[in-house]
Structure formats: structure tokens, C-alpha cells
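If you read the sequences in order, they're chains A and B. For the first sequence, our numbering gives the first residue as 1, with consecutive numbering after it. For the second sequence, our numbering gives the first residue as 1, with consecutive numbering after it.
I should point out that these hints are in silico values taken from the structure, not numbers from a laboratory. For every residue, glycine included, the Cβ atom is placed at its ideal position computed from N, Cα and C. There could be a bad hint or two in this list.
[What the hints assert, rightly or not] Here are the in silico distance ranges between beta carbons for each label pair:
{"no.": "1", "chain 1": "A", "residue 1": "N30", "chain 2": "B", "residue 2": "I12", "range": "46 to 52 Å"}
{"no.": "2", "chain 1": "B", "residue 1": "Q29", "chain 2": "A", "residue 2": "P40", "range": "25 to 31 Å"}
{"no.": "3", "chain 1": "B", "residue 1": "S83", "chain 2": "A", "residue 2": "A72", "range": "42 to 48 Å"}
{"no.": "4", "chain 1": "B", "residue 1": "S54", "chain 2": "A", "residue 2": "E29", "range": "43 to 49 Å"}
{"no.": "5", "chain 1": "A", "residue 1": "D81", "chain 2": "B", "residue 2": "L76", "range": "39 to 45 Å"}
{"no.": "6", "chain 1": "A", "residue 1": "E61", "chain 2": "B", "residue 2": "H85", "range": "39 to 45 Å"}
{"no.": "7", "chain 1": "A", "residue 1": "D26", "chain 2": "B", "residue 2": "S5", "range": "48 to 54 Å"}
{"no.": "8", "chain 1": "A", "residue 1": "R63", "chain 2": "B", "residue 2": "R114", "range": "26 to 32 Å"}
{"no.": "9", "chain 1": "B", "residue 1": "F39", "chain 2": "A", "residue 2": "Q8", "range": "17 to 23 Å"}
{"no.": "10", "chain 1": "B", "residue 1": "K14", "chain 2": "A", "residue 2": "A72", "range": "36 to 42 Å"}
[As the list claims (entries may be wrong)] With a cut-off of at most 20 Å between alpha-carbon atoms, the simulated SDA-like pairs for lysine to any residue come out as follows:
{"no.": "11", "chain 1": "A", "residue 1": "K101", "chain 2": "A", "residue 2": "T24"}
{"no.": "12", "chain 1": "B", "residue 1": "K41", "chain 2": "A", "residue 2": "K73"}
{"no.": "13", "chain 1": "B", "residue 1": "K41", "chain 2": "A", "residue 2": "L47"}
{"no.": "14", "chain 1": "B", "residue 1": "K41", "chain 2": "A", "residue 2": "G85"}
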Amino acid sequence: AQTVTQSQPEMSVQEAETVTLSCTYDTSENNYYLFWYKQPPSRQMILVIRQEAYKQQNATENRFSVNFQKAAKSFSLKISDSQLGDTAMYFCAFMSGTASKLTFGTGTRLQVTL
Amino acid sequence: GAVVSQHPSWVICKSGTSVKIECRSLDFQATTMFWYRQFPKQSLMLMATSNEGSKATYEQGVEKDKFLINHASLTLSTLTVTSAHPEDSSFYICSARALPHRGLRGYTFGSGTRLTVV
Chain A
1 AQTVTQSQPE MSVQEAETVT LSCTYDTSEN NYYLFWYKQP PSRQMILVIR
51 QEAYKQQNAT ENRFSVNFQK AAKSFSLKIS DSQLGDTAMY FCAFMSGTAS
101 KLTFGTGTRL QVTL
Chain B
1 GAVVSQHPSW VICKSGTSVK IECRSLDFQA TTMFWYRQFP KQSLMLMATS
51 NEGSKATYEQ GVEKDKFLIN HASLTLSTLT VTSAHPEDSS FYICSARALP
101 HRGLRGYTFG SGTRLTVV
């Protein structure tokens, strides 16, 4: 079974600074997908960014980018120019290429401060 | 974009009663619905996966007779917590997947239901 590990329960960053959230996963599959989801205080899950394992190029979405290291099974999220609205729980998630369900990590609580 | 409406957003019920939570896909057909449970400050734990018109597949350790899932139409899935007890108090979230699969953005989450059993 796949596992997703987020080793940082909580992180804090000042507004306009850059922060990196860590995620590692374990799988024996070669075809899979990785995601970062944001859950603000409203509890609504919001997709931040996704990465296909077969793509070597790291995904980027505006201020959000990932560092995907397939051999190391690492998938970190970098948030640039942090904003107060980025304050939320961030979950790393894995989806097998052969199954449709998502496996979530334990989450990292990010606090953006003034 | 794709929207999943989840109701109620919060509910308080007495121990021993049943509670129904609904998830509706508003502008797409949800062929697969996932139901998650989230305890405070914890991650989302998948409870079951349901496909329209067929029985739900439950994850190990989830009581299928206690958490009844119905996915009778392509736009509606329901989760019924039967004979609820205080330990069932939690945050429940649904997630819908459409076909044709809208790429990797094909998962849409409901806004969640906070259940409190007293």
C-alpha cells in the first residue's frame, strides 16, 4: 500500500517570504500522480498543484511550484511571496495510475504572519 | 467549474438516531464519489468509494452497516450514519470524480459536514 509522509506538522513564514513544505511517499509503481491540496479554515479542499510522475519537469502554478524527485520519492511544495491567504493546512496526496482514490499525508499547518 | 454541494454543513443529533449527508454534483455527472472522514487536526481518511448504480466499496475497518452509502444517480450520493454515537462525531467530506475524467482536476470536494452526536 502507498504511504504519504509529511514530516512538518506546523510551519510559519512571514508575509512575502518563501516557504517549502516537505512530502515523501512510498510506492512500487512507476505511473502515478501527486497533488498538493490546501484546506483553509473553511475546511474546503482546494487543489493547489499536481504532478504526473512521468513528467520530469516540475509543475508550477503562479506562486506555487514543486520539486519532484522521483528517485528519492520526494515531492516538496514551494510557496513564493507568501500571502496571508495562504494560511491553511496543506496536504500532500498520491494517486496510483491504476486506481482512482487519493491517499493523503498527515498535513502541514502553515501560518503566514505579518 | 465543477461544483459539489454538500449538505448539511453541520448537524447535531442525539445518540441512537440516524443522520443523512447529501452530496450533489451541480454541473457535471459524478460517476464516482469518495467519502472521507476527518478528525480534528488530522488528515482525510477514505471511508468508501461508490460508483453510480453499484454497491459502495468500503475501506478496511469501516462498518458498512453503520455508514450506508447510496449513489443511485449520477448527481447525488448520500452517506447515512445509522444509530449514531458520540464517537461518530467528526467532519465528513465527499469528493466526486467525473467521466470523462477531467484530467487531474477531475476531483471536486464538497464543503464538508460537521457531525456532532450528543
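Each hint tested on the structure:
no., hint, result
1, A/N30 with B/I12: 46 to 52 Å, "holds, 47 Å"
2, B/Q29 with A/P40: 25 to 31 Å, "holds, 28 Å"
3, B/S83 with A/A72: 42 to 48 Å, "holds, 47 Å"
4, B/S54 with A/E29: 43 to 49 Å, "violated, 25 Å"
5, A/D81 with B/L76: 39 to 45 Å, "holds, 41 Å"
6, A/E61 with B/H85: 39 to 45 Å, "holds, 42 Å"
7, A/D26 with B/S5: 48 to 54 Å, "violated, 35 Å"
8, A/R63 with B/R114: 26 to 32 Å, "holds, 31 Å"
9, B/F39 with A/Q8: 17 to 23 Å, "holds, 19 Å"
10, B/K14 with A/A72: 36 to 42 Å, "violated, 51 Å"
11, A/K101 with A/T24, "holds, 18 Å"
12, B/K41 with A/K73, "violated, 25 Å"
13, B/K41 with A/L47, "holds, 19 Å"
14, B/K41 with A/G85, "holds, 19 Å"
Comparing the model with each earlier hint shows violations of hints 4, 7, 10 and 12; every other hint is respected.
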